[in-house]
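Trainee: Here's the letter readout for the chains.
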Amino acid sequence: MLRIGIDIGGTFTDLTALEESGRAHLWKEPTTPADPMAAILTGLEGLAGSLDRPVAELLGEARLLVHGTTIATNTVIQRNGPRIGLLATKGFRDVLYFRDAWKPERFNMRFAPPEPFVERFLRRGVSERIGPAGQVVAPLDEDEVRRHAAYLGEHGVEAVAVAFLWSIVNPDHEHRAAAILREELPDAYVVCSADVVPEIREWERTSAAVLSAYVLPGIDAYFGRLKSDIAAAGLGEDPLIMQLNGGCAPIDEVLKRPVYALHSGPAAAPAAAAHHAGRRGLRDVITIDMGGTSFDVCLVREGRAARSRSIRVDQQPVGVEAVAVHSVGAGGGSIAYVDEGGALNVGPRSAGSVPGPAAYGAGGTEPTVTDANVVLGYLDPEAFLGGRRELRADLAEQAIAAGVGEPLGLDPVAAAAGVIRVVNASMTAAVRAVSVERGLDPRNFALVVGGGAGGLHASALARDLGIERVVIPREAGTLCAFGMTVTDVRHDYLQPLHCTSDSLDSAALDALYAGLEERGRARLGDDGFAAEEIRVERSVDARYPGQVYELTVAIPAAESYGPEHLAQIEDAFHAEHERQFGYRREELPVEFLHWRAAAVGRMDLLHEGAVAAVATTVAAAPLGERRVYVPALGEVAAVPLFKVEALATGSRVDGPAVVAGDTTTILLEPGDVLRCDEDDSFLIEVGKGGD
Amino acid sequence: MDQVTFSVMMRRLESISLEMTQALERSAWSSIIALCHDFSCVIYDAKGRQLSVHDPIPALVTSLELVVDAIEEGFGDDIADGDIFLCNDPYRGNTHVGDLVISRPVFVEERLMFWLMIKAHHIDVGAFEPASCTAAARDTFQEGLRIPPLKIVAAGTPRLDVLELVLSNVRLRNLVEGDLLAQIGSAERGRRLILEFCEEFGLETVEEYGEEVIAYADRRMGAVIERIPDGSYRGSGWVDSDGYAVKNVPVEVTVEVSGDQVVVDFEGTGAQAEGGFNSSVATTLTAGRIPFLFYADPDIPHNQGCFEHIEVRAPKGTIANPEYPASTSCATVVPAAMFHDAINKALAAAVPEMVHAGTARCSNVPQFFGVDEETGEEWAMMIFNNCGGSGAVKEADGWPLLESVAAMGGQKALPIEQMELLYPVQVEEMEIEPDSMGFGTTIGGFGVRFTIRPLKGSMHCITFGDGTANPPHGAVGGTPAIGGGQFVEEAASGRRTYVSASGHVLVARGDTWTGVATGGGGYGSPLERDAERVRREVRDGVIGRAAATEIFGLVIGEGDDPALDAAATRARRAELASRARPLVEPTEPEAATWVEENLRPGDLYLENPTVD
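Same order as they appear, the protein sequences are chains R and X.
For the first sequence, the numbering used here begins at 1 and goes up steadily by one.
For the second sequence, the numbering used here begins at 1 and goes up steadily by one.
Bound-form chain X, shown alone (with noise of 0.2 Å):
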């Protein structure tokens, strides 16, 4: 195939995830798929081989052939022109049940040609606790309704006691029946397009293409790999929890590269969560992969050619590949942004101009859910208004809001106007936490500080993060983030009751709940960061005086807007420069100090609460 004819194809395929991304976002009800974007659309080939896919969360992707491998040993020959798949089972190839995936087969002159995957985390799918991302289910009964592949379309006829069945089993039934004729929606726009496409270049130059395509990021993601020198690398991390008693769940990896391919081994992890805390198969291969998507040049098209080279391996019966029935309800980000974590660790001696720092892990991701009192009506939100920030690179810092490597900034904040008017709450602060960043040559994004408060009625929050106890690493000389926490102060009394990365607690009306989020890990010396800017960071109340004279050996005036000692700068950098930091850190679980910092007198602390 001529290569004009290969560059025009990739963009007009790249347009068609494009307009099936716009199509679901801009009709989808529930707030965390129309404005957090907790979505993505893709496009395999009959092969079931990924082929595009435009700006997508990096975790919805990358591992979605194993849906399709599932709906064919599931239905075989009876994959019909006009059947619409569902499924959102974790032992049947899905990321967590929160996922609900859409499959599309598209059929062209009566043949497969296509599948059309769009994948949206719905806000609710019949945990026992009102949430879909749940840390205390202690199985996959707990977590949700799981739904194996089944037809919720017949050859063109919706199946109305299928899509019963599924709304029969959910409390927010009105959002989840909206949100998946949305999905159903784009799935539409997607096959209509993809017929335009097929017909205007053939069906053999489309084949022909999807080799093509599939070829050149491979070439590419193989020269990404080829940069990284020969060897076994070792990296660590730890998981705050398994959900309930076990702390500090080790996550050892193994990167063993060799050329141009990669093997990522999870031997060495911890057993399996007691909780909901396990990385389903689907998971733990994204999570494998993505690392290496990072890179790359952000322009490499993300297909199969790129994971021909990555291959991963995770032991039965851990939390990177539990036995059934665990639970794998919070998957996508506990324990895999700790695995993504922990193989930039290892790669950092060997490649330290490719890795980045620590990134949050799901700190500050509240579920949100109450009974108006006024109205009786059930409602509920998750939001990243105020989720933590990425790690840094050695070109750039990190940035703020980025939730984990699982979203990567790929979600939105709902805006608090519309937070007020769509929900009883009222937001009281939403503003940058100084010094929640780890320190570096480059710092990483910063973490923010949320409170809210419940107007009508109590309100549920049930969070599932990680990082409270281990927070994001800095990297080649750069420091940790703080970790944050989370507590609900009692109105009456000020007693704050701080709670682990993970737990449901309840917020009575007129108390507050408080999430602070951690910032991303810094990269490289911190005195090395240009002074100047850093002046201005301590000026904007970002940065505290004291980080500013201990960490980047900055000396500066007094007022506002303090005038810069160059030369005792120099010279105080000058002395700091013989304590040395490790390649990254922590090296040692719990590190983070946040939480003793702030607990006052008379204030609690919980591990993983429950709600009875």
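Extracted from the complex, chain R is given alone in its bound form (with noise of 0.2 Å):
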């Protein structure tokens, strides 16, 4: 039996197998953009192979493969989607031109406006209109939507996404244009807003409901293609898609709701992180995962994923609550470069793959943080993906002393280690901001890396963080492939009804949670779930009568709610706000937007028993030694080198030392103490030995 994960990303297709025994493998292939299942094929390929046996073979032990991908976040970035239409309520039309009125930059005046998804000929006005209590002020005009539809017919377009005001308090009219639409426009897709997010606030669920029509046709003929593809190659059942709500789904209920197959890949790596920190106890751990042009950053606090509701894609906000990763540029391939002023900066412009950076002798000329990394010697220009591709020190010296070293009068190792000092600071400011942000001290946090390079600043950050423990898992190359073999299904919903805590209706409360449970639950066992296997998680957007903004605050079950559960959400929305802003005013009733339920299937883990401390550990005799720069002692030196796959369960190395691996490479420095654990993963004990 196993689970196997796919993650397609910018640079790289990263796929994982579980094994029931916990032994996880990693296989790496080049992404083929053009036509991503290409890659996935002969990547199953290699990885059937590393475990000896026919791709057929593979697929048929497989009990689950969920996928991630970025077709849906490049058809949105690069703009190659299909035209679309939108009808909207007349006089409301530029909900999406308009935006929230927000101009990042705010001192650029040469930045242009961002050009809308839907050409404005084709965003149509429709005579109807909805009260804020879900009452019909001005009727639903069925022959103006018929001719819009005609018009949409005649302009060519294959998606129509309908977006009217206060649609969540009563789709009716949402849902009649749609099957008006589809009656006239049969071969068209059509998204209702308040199907995909049912939440306050035109503007992004405008922007859900059109990046979804943007979007669906795409994916739905990649996951066709997907399902019949893998199908023929030997799996028996259908494959999950990665959400960006950090579950997986199925392919039917996400073509309901295509904004959740945005963002799939990067959702993952929580779920690898909570589960090597479930597994060692560890109940707060920040995640990283270092790729060649981002540097994603996701906080999981009590074994969940932080969230969020203000996620963007290209500026236009997915509308839908999603795991909260927050992406910098400061990846591998991030360039270097000296401003007019004399300052040194990193990023966010980034090589790519292509020509990448310099060291990849494939045309960079530009120093990267990869370049910085080989001038330092953490990089072994040899052994680079196990021999894959080659590294060319010559190249990233050049680059790293023409880009950096010459203006600011350095010579290439102090211009790569202030390269380094300066992606780290971006870096820890990223963690800083999810962290610090939700009023959380990084230093009660674990940090757990993935990303090839990850290992190489992970002891850096930790200490700039001011956090003593760092994980680095066996997988951590291929992480959010990982996480992807460790994640639940998970399907959200969430209802409005608007009150305050002095005014709640209780019956109507039970009433609602009553409805949501029902939905999650009957969707769950159509995917197969045992209802022991079910839970459903319950919060509620709440925040004090006047404000503006919303916590989410989660809630206790109940079948019927009582003045005590009332008594609890309102303390626990104090204690949330007092935590977050510093003030609390209890002398004031809580008002509540939107009620949550995240029916979650719960995926029974192959192995999840705790990875037991290693109670005596043998120090690890290294390979050989290798110059690198030190950045405690500012300065290069000789420290003992270690090869990732040669330590075993109980093997301790005391920095500085380099742990260098096929997918990942650690630098430790001195004071670091590094374990192999049961798991073959790495515990780094941060500035904690040598004492």
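Think of the hints as simulated: they come from the structure by calculation, not from any bench.
Predicted, not measured: the structure shown is a model, and the values here were computed from it.
Some chain X residues close to chain R (C-beta under 10 Å, calculated; not the full set):
#1 Gln22
#2 Ala28
#3 Gly185
#4 Phe294
#5 Glu395
#6 Leu402
Far from chain X, by Cβ distances over 12 Å, these chain R residues were calculated:
#7 Ser21
#8 Met37
#9 Gly46
#10 Arg312
#11 Gly352
#12 Ala531
#13 Ala557
#14 Pro563
#15 Val600
#16 Thr617
#17 Ala619
#18 Pro670
#19 Glu678
Ideal Cβ placement from N, Cα and C applies to all residues, glycine included.
With the hints as a guide, bring both chains together as one complex.
Mentor: If you want it as structure tokens, here you go:
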């Protein structure tokens, strides 16, 4: 019995097969952007080969295959989706163009306004109006909808979003308009805003509907092909799709709410982190994943990933609640430069995979973070990616010298060390942003590290942040693909019920949750989960009356909500408000907007036993020495070199040292102690040894 | 200090101002702060020099050293750890009474090291009208409660008596209290982070960094000014009115550039206004500095080092520097936005690649106030959903909803559904207004038409804009925008009452208020705009066929998705090319024609109306 995770990234397609024993097999295959299935199929060959069996046998043994894809994200970023239309309440068809009026980069007059996803002549206003209480203020003009359908058809739209004001409290007009569109345009895809995200705020909801319509034709075709190709290769079950809410779902469910397919890969990192943390008794961790172009951070508290309702793709809000993966342009390919005032900067511009860092020898001349890591001796030019790619140290040094060293008057090593310090500062700021923003002190967290180069920066980041423990899973190089093998199936539902804590209609709330629970459990039942594998988590969006923004707070489940539950909910809100914003106003009631239910189908984990602390550790024997720059010493020194693959459970390595592997490399500073635990993962105690 | 440590510290300090910003935004009460984002958090050093700020509202920063000075003048040695000051006095260094400044001195090892300055525009400061920007205020006593620097928290103990004094003088005490608490919370967040920052790097390094980062910005801004050829440049413009009878108040500016120094002098600007359209000392200083920040790369740290290159002078007794007790109620936009445009006009000939065309000057930014007939509760909102566009630059079209240079898109719109949930109103329309922007090779950001109806009782609408008569200018051959306007429409008769850019009107239950915001000005010759792009803009209904033909020289076919006749367009453009346009336009006051074009028989037009 196996589980397989496949994560398509910008540079690599990562594959992980997880055995019942807990043993994970990893494979990295270069991504094939023109036809992503090609890399999946060759990657499966590679993965099967590493397990010594044919692909059909590998897939035949798989109980589960979860796939994370960039196809939806790329459609949005590259703007290569089909022509789509929008039906909006008359007078409001420019909602998406106006956005929230906020212009980023205030002082950048040369920054052009973003192009809308729906051309204005295909944004059509419909006579209809619903009021805030769900009352029909003006009836839907059905003839007008038919005329718009004909017009959109003439102009060749492939998908239409329908987004009316107040459809969240009364979706009748949206649903009726959608039915007419389907009659008139049988070949077009139709998406209603209230079906994607029944939340107040028309901009975010319209955006979610439009993004959904924009990606739907593409993902429908792609998922169809995925299903048939993988079935032909031997998979018995349909694949599941990783969603941006941190859980996976069957293809038909994702097609109903296509925004959930955006950002699908990175959302799996927290699942991997939560898995590793949980097995080690760590409740609160921060996951970092350093890729080629970006550095992704996510906070996992009490085993749950932090969530956000303000995630955007290419400046467009996705509208739905998602795993709060904070991304900054600080990856291996990020370019370092000295500005006209003499300050050293790194990113957000990236050399990408083509031409890539100068060290790739593919024509890149600008210095990148990877080049700095080569100059400092951390990356072995011969052994990068298990020897599948050679690095040119001479080109890396030239680029660092020309782009950073000369302008700052530093030798190449000092310049490279500077690049690393600056990029580390950006990463530190990103970690602080996700923790301090929520009123949490990063010092109380452990760091879980992903990405091939994550291990090179982890110790320094932990030091800057005051973090004492770092976990580097054996699967660090393919963290998200691994996360997909340990994620749950998740469906998010919500419903508005606007009231305050002194005017709550308990019966209405009980009925609301009875409905949401039934919906969630029925859907998970259809997905094949037994009742005992299902849990439903409840939460509510709350604020003080008169306040504008809400906090989402977890609430207890109850069949019938009484005063004691209400008191609990109020207390939880006051406490969260004070933690995040520094004050509370208990004299006021609490106002509630949307009630949420997350239906989670719990995957029985193949291995979830605790990883015992290794009682005795044996100092590992180094394989040799390497001359690297040791930040704490401020100079190049010969340090012991270890191989990841040669370290067994119970091995101990004291810094300074370099631990190198096929898909990940770790730098230990003086005082760091690394231990290889039962799981063959690494635990670093930062600055704790040597005393 | 080594460059790397420097770069690291710069990022850290920026992230501290960002965190302060987030804390305030998410916990504030009034929509003007929480959603419209009309606030900024700034870090000053012990010497009162601006050090770090994150993506601020331009008008709210770049002059807070004057408030630090006023606190020091008022309290001398009596400034202790745990004190938090409040000030909104435009005659003691503040911009206008609507902006309440919370200042928190930060002590490290018992030494004053930083000032955290959190300036936020409050919805209500107890003016004689229910608005915090009022064109009709005849002096500072009418514009609201004026608060000199005082301690709202003394050595860690909240002064509830002082807080109550403030709250007793405003109509919406619940919102003002919540917003003040949120400002104080943001300052506390900042203080904790600053202490960690000092602990990590050590005081000596932190002080050294302060000097270095100011020197760094100084070098970069010096290089920007150096790019402007030495010389004396003049620009002018007109503020629609003084709030009362005087129309077209002249704004005159001379920009004197010499090497890396510039002197901005408002000599010749009109006499001080009878209404709330005077600029405070802080606002004039800000308005003189800000244009140059826009000429620099956006990543330059906006600290004191930039400002060392810019001197601002304003003669006493003018709208740029009025005699006490003139009202400066609307200062940050009127007249400040015209100061900014006048500087851009002055420099259009010398550095056309740097300047931008005119931006809306608070066109269509209503402050509504009413009493819910059913509950008896007072409600108020100031919205930026529907404000005007920004001027184009050489490389890019303008943005919609930029409001004015004072905000430059740093404010947010209130979602229609939030608005209808929070307040007893129904919004009827919010769409792009065709042909509202200036035309050019690049075009101004679009204007917006917005119509709203009160549902439970009548509603006051108070506006304090500028530009209905004197629209945003076109630059380097681009055309001006429309100027826009506003009107109240009676549901029964359909009769409209048009109102000048500022005024106070009552909208009866069932009637509607409509604002049409101006777009921004255009840049460069419209004949050089990409013809296919103009064709799409015609198709999309944002540029009319008449303008496309007359001004852009486009020849297109009929239908929803008209075809471009490229050869005929080239010929027509060649023919039109002989008509030269001035470098900046308009060159005379009262150039806008929108109101007279839209007045119908039986409609009224009112200049600066008031409600008794």
